[in-house]
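S.K.: Residues per chain are reported as follows:
2 protein chains.
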Amino acid sequence: MAISQHSIYEPLTESTAVALAIRLRLFKEGQVLHCEEIGDGNLNLVFHITAQGKQKGIIIKQALPYAKVVGESWPLSLKRATIESNALLFAAEYVPTLVPKVFYTDETLAITVMEDLSHLQIARAGLIEGKTFPLLSEHIGTYLAKTLFYTSDFGLEPSKKKLLVQKFINPDLCKITEDLVFTDPFFDIDTNSFEPELQKDVEEIWADQPLKFEVAKLKQKFLTQADALLHGDLHTGSIFASETETKVIDPEFAFFGPLGFDIGQFIANLLLNAVSRAEQDREPLFTHIENTWDVFTTAFTELWINEGVEVYRNVDGYLEYALQQAFEDAIGFAGCEVIRRTIGLAHVADLDGIDDLERIIQAKQHALRLGKELIRNRKTIDSLENLRSYVSTTETP
Amino acid sequence: MAISQHSIYEPLTESTAVALAIRLRLFKEGQVLHCEEIGDGNLNLVFHITAQGKQKGIIIKQALPYAKVVGESWPLSLKRATIESNALLFAAEYVPTLVPKVFYTDETLAITVMEDLSHLQIARAGLIEGKTFPLLSEHIGTYLAKTLFYTSDFGLEPSKKKLLVQKFINPDLCKITEDLVFTDPFFDIDTNSFEPELQKDVEEIWADQPLKFEVAKLKQKFLTQADALLHGDLHTGSIFASETETKVIDPEFAFFGPLGFDIGQFIANLLLNAVSRAEQDREPLFTHIENTWDVFTTAFTELWINEGVEVYRNVDGYLEYALQQAFEDAIGFAGCEVIRRTIGLAHVADLDGIDDLERIIQAKQHALRLGKELIRNRKTIDSLENLRSYVSTTETP
Numbered sequence: 053m054a055i056s057q058h059s060i061y062e063p064l065t066e067s068t069a070v071a072l073a074i075r076l077r078l079f080k081e082g083q084v085l086h087c088e089e090i091g092d093g094n095l096n097l098v099f100h101i102t103a104q105g106k107q108k109g110i111i112i113k114q115a116l117p118y119a120k121v122v123g124e125s126w127p128l129s130l131k132r133a134t135i136e137s138n139a140l141l142f143a144a145e146y147v148p149t150l151v152p153k154v155f156y157t158d159e160t161l162a163i164t165v166m167e168d169l170s171h172l173q174i175a176r177a178g179l180i181e182g183k184t185f186p187l188l189s190e191h192i193g194t195y196l197a198k199t200l201f202y203t204s205d206f207g208l209e210p211s212k213k214k215l216l217v218q219k220f221i222n223p224d225l226c227k228i229t230e231d232l233v234f235t236d237p238f239f240d241i242d243t244n245s246f247e248p249e250l251q252k253d254v255e256e257i258w259a260d261q262p263l264k265f266e267v268a269k270l271k272q273k274f275l276t277q278a279d280a281l282l283h284g285d286l287h288t289g290s291i292f293a294s295e296t297e298t299k300v301i302d303p304e305f306a307f308f309g310p311l312g313f314d315i316g317q318f319i320a321n322l323l324l325n326a327v328s329r330a331e332q333d334r335e336p337l338f339t340h341i342e343n344t345w346d347v348f349t350t351a352f353t354e355l356w357i358n359e360g361v362e363v364y365r366n367v368d369g370y371l372e373y374a375l376q377q378a379f380e381d382a383i384g385f386a387g388c389e390v391i392r393r394t395i396g397l398a399h400v401a402d403l404d405g406i407d408d409l410e411r412i413i414q415a416k417q418h419a420l421r422l423g424k425e426l427i428r429n430r431k432t433i434d435s436l437e438n439l440r441s442y443v444s445t446t447e448t449p
Numbered sequence: 053m054a055i056s057q058h059s060i061y062e063p064l065t066e067s068t069a070v071a072l073a074i075r076l077r078l079f080k081e082g083q084v085l086h087c088e089e090i091g092d093g094n095l096n097l098v099f100h101i102t103a104q105g106k107q108k109g110i111i112i113k114q115a116l117p118y119a120k121v122v123g124e125s126w127p128l129s130l131k132r133a134t135i136e137s138n139a140l141l142f143a144a145e146y147v148p149t150l151v152p153k154v155f156y157t158d159e160t161l162a163i164t165v166m167e168d169l170s171h172l173q174i175a176r177a178g179l180i181e182g183k184t185f186p187l188l189s190e191h192i193g194t195y196l197a198k199t200l201f202y203t204s205d206f207g208l209e210p211s212k213k214k215l216l217v218q219k220f221i222n223p224d225l226c227k228i229t230e231d232l233v234f235t236d237p238f239f240d241i242d243t244n245s246f247e248p249e250l251q252k253d254v255e256e257i258w259a260d261q262p263l264k265f266e267v268a269k270l271k272q273k274f275l276t277q278a279d280a281l282l283h284g285d286l287h288t289g290s291i292f293a294s295e296t297e298t299k300v301i302d303p304e305f306a307f308f309g310p311l312g313f314d315i316g317q318f319i320a321n322l323l324l325n326a327v328s329r330a331e332q333d334r335e336p337l338f339t340h341i342e343n344t345w346d347v348f349t350t351a352f353t354e355l356w357i358n359e360g361v362e363v364y365r366n367v368d369g370y371l372e373y374a375l376q377q378a379f380e381d382a383i384g385f386a387g388c389e390v391i392r393r394t395i396g397l398a399h400v401a402d403l404d405g406i407d408d409l410e411r412i413i414q415a416k417q418h419a420l421r422l423g424k425e426l427i428r429n430r431k432t433i434d435s436l437e438n439l440r441s442y443v444s445t446t447e448t449p
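As they're listed, the protein sequences go chains A and B.
Take 53 as the starting number for the first sequence in our numbering and just add one per residue.
Take 53 as the starting number for the second sequence in our numbering and just add one per residue.
Read the hints as simulated data drawn from the structure, not as lab findings.
Treat each hint with caution, since some may be false.
Each pair may be met inside one copy or between any two copies, as identical chains are not told apart.
Claimed, not checked - Here are the simulated SDA-like cross-link-like pairs (lysine to any residue), alpha carbons at most 25 Å apart as the crow flies:
1) Lys252 / Ser444
2) Lys269 / Thr432
3) Lys131 / Gln332
4) Lys269 / Asn366
5) Lys198 / Ala103
6) Lys431 / Glu410
7) Lys131 / Leu216
8) Lys431 / Asp242
9) Lys212 / Glu159
10) Lys431 / Tyr373
11) Lys80 / Ala398
12) Lys106 / Gln377
13) Lys269 / Gln104
14) Lys131 / Pro262
15) Lys431 / Glu89
16) Lys212 / Asp242
17) Lys80 / Gly105
18) Lys212 / Leu232
19) Lys212 / Ile228
20) Lys108 / Val367
21) Lys153 / Gly369
22) Lys273 / Glu167
23) Lys131 / Thr432
24) Lys227 / Glu209
25) Lys212 / Leu128
26) Lys273 / Cys226
27) Lys131 / Lys212
28) Lys212 / Thr243
29) Lys212 / Glu297
30) Lys198 / Tyr146
Make the full structure from the sequences, and use the hints.
M.R.: Here is the structure:
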């Protein structure tokens, strides 16, 4: 792997992508290569290159210098490609089986060449189809515990951590979250997008001062609390999965933020899938949420005890306090994520894909009620059982 | 002002310091210059250069690549000189009359050339002599409100703030605070320094698990909560004062930390002076503490309303919440500072300079009791009246 500073940025084409793959000797000589651009063209180009007759190829991902959103171009720093490849390389030290292998990066071209994961399925798509991915929560709980612990002041010498904080300063991508998750959905701002049937529910949110006060506090934590290196966008669309494997991709939003944020985003997206289903079909999602938290706390506790670097780690109650804070924040962040995925700019297929408008509206109203309760009651929700009961009680108004 | 990258670091002498002053044309041609090194030789060289017959000259401050502490050399990054000059230049934008003017900086030589403030007195020394510095709290309250507000997400666009966070990452100097303020005094560590008469009091602190739990939480805030650009070492020895002027110096510990930290350090050092005095002589210190907080909240509130950039700033209760958090943290940080200045590595002349051993011990025991109460009760101390009563009730065991 090498980082070249000599090239000039220009978008790859299918043929220049193949030329790069050949130059990097990622295929045997003489193989016939096939290349397809499979990205959505929104933020990045994604080239899938395979050799004729072979299943597994490589992926070349290249950041574009803008994002196509709300009908216009939004300039976005190419540095996010560097952030993404650095985050993948960093995660590979602690959870090598849970992230794609990186073969090559080029900072100027904003390129990451990595493992082809096309034998797996995006978790969101699979969950929508009713797949359960039995190891998903075991893997994500482990991913969260290790990536968060080893980059926090609990597991990393504070001076070293500060240099990483510096390296992962990520203003452009954080701004997207600050606006689209924590701000716009709670105000009458034109990035929001929702069905006319939801107008009354949405206006209730905009007028709800106590709710907005709680969201303001959560936003402040996101803005200021540099606990650990986050993935920053850990929804079920950032996870490839199968019956046996799980790979976390796309950490371009990585930065040092609050311990509970990734956990909250992941839980929220499982809840959004749960809400999209009939009540009797939700159990696998609850099981995943419960197990994610159990695996996370067990692994985090073990690391705290055996590899902790903080002198105060043995003080009575400190570990429990840190976990409780993370849980409370995660529930609050989950509430924000549930709301913004329902009425904000970026929706989820779990809800939008429901095949009946009346059921879409019901599910979205359910999501909005649930999101509000999570934000309001995050300090008293003290168990997964409790969380589950909020999903039930918010089913109807 | 220019930053040269071409020089090689070497410590200045009195004659090379004068040569630099001449090269920079800071004195009229033909003037006879006098130079004296007036630093304590611990962390920095400080050259005071004056022209014959003139009162006011210039100061050349140069960082040394080590700190002489606990009898040995502790390597320290020269980058702190850059941090210091950047922090001074930054503060000059918002509180130009409350910091020394910077004339020149050289990053490689770790030099800041600045205004001579020798017509003023270090506030700690003056307070020990019984001076009151009538404008001290008015000025420091204003300094705190402006420097903190304009560098926080409340007053600065978050993307711009993040670039400043990156610029002011300060691992070496933060580590000194993490160790000497938040850790060492609460454990049996050999950097601590206290009279044998205090052994029992100190051992009580080391064994006090609930107290240590609270200190752990405060340390965690210091480690993670990047609210605003702090001075980082705002004790009364970092302030020059007179009847009419106040100048904050030495911001080499500057970094983005919790809103309450500078406030807490300043309050703590006023409390340490109060504790060193007979009960009937403490009023001027209480008045300063009260006025610092009043001026700070009034100015911060005005900035919040008129110049706030956070969309949530008008949400009911948010400003009060932000101020309450800052106050609570400030009280806790003040408690840590009071304790560490009594039994840690770096003492204060307010206590050590008392001219009778028995009274020293009594005052230090008072300081330890007070420090513990501030840490424990920071969530319930809700007024300066309340704080004053803790100073009284901890006078005797």
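S.K.: Does each hint fit the structure? Answer for all of them.
M.R.: These are the hints, each one checked on the structure:
In this assembly of identical chains, lysine 252 and serine 444 lie within 25 Å of each other by CA distance solely inside one copy; the values are 22 Å within and 57 Å between copies. In the homo-oligomer, the alpha carbons of lysine 269 and threonine 432 lie at most 25 Å apart both inside one protomer (16 Å) and across protomers (20 Å), since each shortest distance falls under that limit. In this homomeric assembly, lysine 131 and glutamine 332 never come within 25 Å of each other (Cα to Cα): the closest approach is 45 Å inside a single copy and 61 Å across copies. For the identical chains of this complex, lysine 269 and asparagine 366 are inter-copy neighbours only, at 13 Å across copies versus 29 Å inside a copy, given an alpha-carbon limit of 25 Å.
Taking CA atoms no more than 25 Å apart as the test, lysine 198 paired with alanine 103 passes in neither setting, with 35 Å inside one copy and 62 Å between copies. In this homomeric assembly, lysine 431 and glutamate 410 never come within 25 Å of each other (Cα to Cα): the closest approach is 33 Å inside a single copy and 49 Å across copies. In the homo-oligomer, the alpha carbons of lysine 131 and leucine 216 lie at most 25 Å apart both inside one protomer (15 Å) and across protomers (17 Å), since each shortest distance falls under that limit. Neither within a single protomer nor between protomers do lysine 431 and aspartate 242 lie at most 25 Å apart by alpha-carbon distance, with minima of 32 Å and 40 Å respectively.
With identical chains, the CA atoms of lysine 212 and glutamate 159 are at most 25 Å apart both within one copy (23 Å) and between copies (23 Å). In this homomeric assembly, lysine 431 and tyrosine 373 come within 25 Å of each other (Cα to Cα) both inside a single copy, at 12 Å, and across copies, at 16 Å. For the identical chains of this complex, lysine 80 and alanine 398 are neighbours neither inside a copy (41 Å) nor across copies (65 Å), given an alpha-carbon limit of 25 Å. In the homo-oligomer, the alpha carbons of lysine 106 and glutamine 377 never lie at most 25 Å apart, since the shortest distance is 48 Å inside one protomer and 60 Å across protomers.
For a Cα distance limit of 25 Å, the shortest separation of lysine 269 from glutamine 104 qualifies neither inside one copy, at 54 Å, nor across copies, at 58 Å. Taking CA atoms no more than 25 Å apart as the test, lysine 131 paired with proline 262 passes in neither setting, with 38 Å inside one copy and 45 Å between copies. In this homomeric assembly, lysine 431 and glutamate 89 never come within 25 Å of each other (Cα to Cα): the closest approach is 46 Å inside a single copy and 57 Å across copies. In this homomeric assembly, lysine 212 and aspartate 242 come within 25 Å of each other (Cα to Cα) only across copies, at 24 Å, whereas the closest approach inside a single copy is 42 Å.
With identical chains, the CA atoms of lysine 80 and glycine 105 are at most 25 Å apart within one copy only, with a shortest distance of 13 Å there and 83 Å across copies. Proximity of lysine 212 and leucine 232 under a CA criterion of 25 Å is satisfied inter-copy only: 18 Å between copies versus 31 Å inside one chain copy. Proximity of lysine 212 and isoleucine 228 under a CA criterion of 25 Å is satisfied inter-copy only: 14 Å between copies versus 27 Å inside one chain copy. Taking identical chains as interchangeable, the C-alpha atoms of lysine 108 and valine 367 are never at most 25 Å apart, the minima being 50 Å within one chain and 53 Å between chains.
In this assembly of identical chains, the alpha carbons of lysine 153 and glycine 369 never lie at most 25 Å apart, being 38 Å within a copy and 48 Å across copies at closest. Taking the shortest Cα distances, lysine 273 and glutamate 167 never come within 25 Å of each other, neither inside one copy (34 Å) nor across copies (39 Å). For the identical chains of this complex, lysine 131 and threonine 432 are neighbours neither inside a copy (40 Å) nor across copies (46 Å), given an alpha-carbon limit of 25 Å. With identical chains, the CA atoms of lysine 227 and glutamate 209 are at most 25 Å apart between copies only, with a shortest distance of 10 Å across copies and 28 Å within one.
Proximity of lysine 212 to leucine 128 under the C-alpha cut-off of 25 Å is restricted to the inter-copy arrangement: shortest distance 15 Å between copies versus 28 Å within a copy. Proximity of lysine 273 and cysteine 226 under a CA criterion of 25 Å is satisfied in both settings, with 13 Å inside one chain copy and 21 Å between copies. Both within a single protomer and between protomers do lysine 131 and lysine 212 lie at most 25 Å apart by alpha-carbon distance, with minima of 22 Å and 16 Å respectively. When the C-alpha separation of lysine 212 and threonine 243 is checked against a cutoff of 25 Å, the pair qualifies only between copies, where the shortest distance is 23 Å, while the shortest distance within a copy is 39 Å.
Proximity of lysine 212 and glutamate 297 under a CA criterion of 25 Å is satisfied in neither setting, with 32 Å inside one chain copy and 40 Å between copies. For the identical chains of this complex, lysine 198 and tyrosine 146 are intra-copy neighbours only, at 6 Å inside a copy versus 42 Å across copies, given an alpha-carbon limit of 25 Å.
When each numbered hint is compared with the structure, violations occur for hints 3, 5, 6, 8, 11, 12, 13, 14, 15, 20, 21, 22, 23 and 29.
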